[in-house]
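**Q** Here is how the chains run, residue by residue.
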Amino acid sequence: MNKITTITSRQNKLFPDLKELYSYRQLLFSLALRDIKVKYAQTYIGILWAFINPVFNLLVLSFVFGVVAKVNTNGLPQLLFTIAGLSAWTYFSTLLTEAGNSIVGAQNMIKKIYFPRLVIPLSKALSGLIDLGVTLICLIILMMYYKTLPGVQIIYLPLFVLLAIICGLAGGILISALSARYRDFSYVVPMLVRLGLYITPVAYSANSIPEKYKIFYYLNPMAGIVEGFRWSLFGSESPDQYMIISIVVALMLFVASLIYFAKIEHKLADII
Amino acid sequence: MGDVAINIEGLSKRYLIGEKQNNSLRESLSNLFAKSKNKADFWALEDINCQINKGEAVGIIGANGAGKSTLLKILSRITYPTKGKATLEGRVASLLEVGTGFHPELTGRENIFLNGSLLGMKRSEIISKFDEIVSFSGIDKFIDTPVKRYSSGMYVRLAFSVAAHLNTEILLVDEVLAVGDYKFQQQCLGKMNEVANEGKTLLFVSHNLEAISSLCSKSILLENGRIKSNGSSHNIIADYIDNSRSAFTNNSIDFYRQSHRSQEVVFKEINVVQNVNDNILINLVLDSIINLDGALIEIHLYSERGVLLFQYYSSDNSVINIRKGSNKITFEMDSNALSSNRYFADFKIKTTKNVSALDYIERYPFLNFVSKINSTNDGLMQLNIKLEDVDYIS
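One line per chain: the protein sequences are H and A, in this order.
Residues in the first sequence are numbered from 1 upward in steps of one, following the working numbering.
Residues in the second sequence are numbered from 1001 upward in steps of one, following the working numbering.
Certain hints may be false.
[Stated by the list, open to error] As a list, the in silico EDC-like pairs of lysine to aspartate or glutamate whose alpha-carbon atoms are at most 16 angstroms apart:
hint, chain 1, residue 1, chain 2, residue 2
1, H, 111, A, 1097
2, H, 3, A, 1003
3, A, 1353, A, 1293
4, A, 1122, H, 20
Just so you know, these hints were derived from the structure itself, not from any lab.
If we strip away everything but chain H, and leave its shape as in the complex, we get (with noise of 0.2 angstroms):
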C-alpha cells in the first residue's frame, strides 16, 4: 500500500512528528557534516583547526578567570575549574547562537523544498559536539597532569552533555522559530549569551551564592548544569540539592520550545 499524504489548512500540530523526524535523521547527519566541513573548507591545516580552536580559548579564558581574577575554587586548579565550567558554557551558548539563527540562515531550503523543519537546529547540536569533544580531552589530559582523578560519579558526566544539549536547542529550537517572523530576536541571543556568563558559575562557584537566594539562582537551567558538569568530573561533596531546580526548567523549556515550533513550523516558509 503506497504512502497517503494529505494536505489541508489545519496543520496545526500539537507536537513534533517524531515518527517522521526519526525517518529524516540521515539529513540530520548529512547537515552536521555539511557544517563541519564548510567551516574548515579551503584551509590549509583543515580539521586541526578544529583543535586549535578550543585550546587556544580554553588559554586565554583560563588567564583571564584563573590568573588575573582569582576566585575560590574549593582548592581545585584554578585551570581545571575554569576548563570544566567553560567547556559547558562554550557548548551551550554556541549551540543557543548558532540553532537560533539556523531557521533563518536557511530560508532558501525551506523555501524550496519540504522535510521536517525541526532538522535544521537539531543539526547544530550535533556539529557542536567535536569542539566539546576536543575540550573535554583537553581537560582529561590536563587532570592526569595535576593529579586530580574523577571519581565514580564520572558516570553522570553523559547525563549533564545530555541536559547542555537540550537546554541549548530549548533556548535555539524558540529563538529559530521566533526570529523566522521577529527577526528582534535574533539581537537577543547575543544579550543573553553575555548575561549569562556572569549568572553562570562559569569562573565563580554556585556556593558563594548565599543560601537563601539559591532557590532563584537555580532557575537559570545552565547554573545547575554547570555545577553538574563540574561535580561529575571533581565532586567531592554531594551536589546541590537546588540542582533540580535547574534540571525541571531545563526540561519544561525544551518541551515549551517544541510545542512552540510545531506550532509554527507550517507557516515557516510563509512569514520567513
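Model the placement of chain A on the given structure of chain H, informed by the hints.
**A** The following block gives chain A in isolation, referenced to the frame of chain H:
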C-alpha cells in the same frame, strides 16, 4: 484511492498583501491596535478542483502570477492551503528549483549526498545510484572539486541529475529547464519522459509549451488563481496562446519580475523598437543603488510557444560597469532571421561571481515583429533563401 494519484478539492491559498509582512515585533504590536487597515487579500489560488490519474503526465501552464508555483508549493507541502484539501498517493518528490541546498564550498560528491538526503533519499539509495547520477551529469572529472569552481551549466547539470534519480511515484517539477544549455535541456526532457513512461505521475510547470506538449498529454491552464480550462494539451495550449496575445498590452515590468530578487540593481524600463533599417533596438534602463563592476546581461529570446530561440550572454569583453543611479544600455540586434511573430524574452542581470541573477524579468512580451519581406511562411525563423539554379539532367 484507486487510479487517482492526486486529488485536489477546493484548494485555495490567500496571501495578505498591501501591507508588508510584519517583520519586526514593533510593527506587529502596533498593528494590534491599528486593526487591519490597508490589508488586502490576495487569492493566489481559488477553488482548484482536479484529479490526476496514476501514470499521467500533466502540464500546468498560465501567465506569470496565475498560481502555478503556488499550486506546486502546496502539493509539495512547503506552504499550506488556506482552504480545501489535496490527497496524494505515493512518495512525492518535488523539484522547484535546481540545486537548492547545494553548498559552494563542498565538492560535487559531497553535494550529491547532501542534496540527496535533503530530497529524502536514504544514504544507501544515494550510494546505489551514485554512478548513474554522476554519469548523467557528465561531470565525472570534477566530482571532487568544490562546486564553487563549476560553471553555472555544470552546477545545474549535477543538481538536476540528483533530483532526476529520485525514486518516487509522484514528481512535481517547476520550470527547471529555464537554465542549462539546449543539449542538457533535451537530456532533462528525455529523463522526464522516461519518468512519465515508467508509470509515474508527473506534474510539470513550464513556459515551454513545446516541452509541455511533447511530455504531457493533458494540461491545466491557470488564470488568476483559477482553473481556466483543463483537457488535452493540444487544446489547452491553443487556448493559452489565444489568451497570451493580450499579454502584449501589459508592459508593466513589475508584472514579469521574478519575486525575491535583490533590490540593488533593477530593470526599470525595457523598450524594444524596430528602427528604420529594420534592426531591433533594445533599450534597457537599470536603476542601481550600488556601483557594480563586471555586470553581465543575459537575454533569452523565446517564440510564442516558449521555445528558446536564442541566448545572448555578455561575454568577458562586453561586461558592463553599473553606476549608482540610472544606467541606460542599448543593444542592437539584426532582424533578418525573425519571422512575423510574437516574441518573448527573459532579461537577467548577474555578476561574474554569482550564479543567481540580481534581477530577472521573465517572459517579457518582447516584440510583435512584422517582417517587411512579405512572407507567407509562418515558421519560427525567416532565412534568406532564393532560387539559385535549375538544371535539367537528361
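**Q** Are the Cα atoms of residue 1353 of chain A and residue 1293 of chain A separated by 16 angstroms or less?
**A** 11 angstroms, holds
**Q** Hint check: residue 3 of chain H vs residue 1003 of chain A, CA-CA at most 16 angstroms. Holds or violated?
**A** This hinted pair holds, its Cα atoms lying about 14 angstroms apart.
**Q** Check the hint pairing residue 111 of chain H with residue 1097 of chain A against an upper bound of 16 angstroms on the C-alpha distance.
**A** 10 angstroms, holds
**Q** Holds or violated: residue 1122 of chain A and residue 20 of chain H, Cα atoms, limit 16 angstroms.
**A** 13 angstroms, holds
Going through the hint list in order, the structure satisfies each hint without exception.
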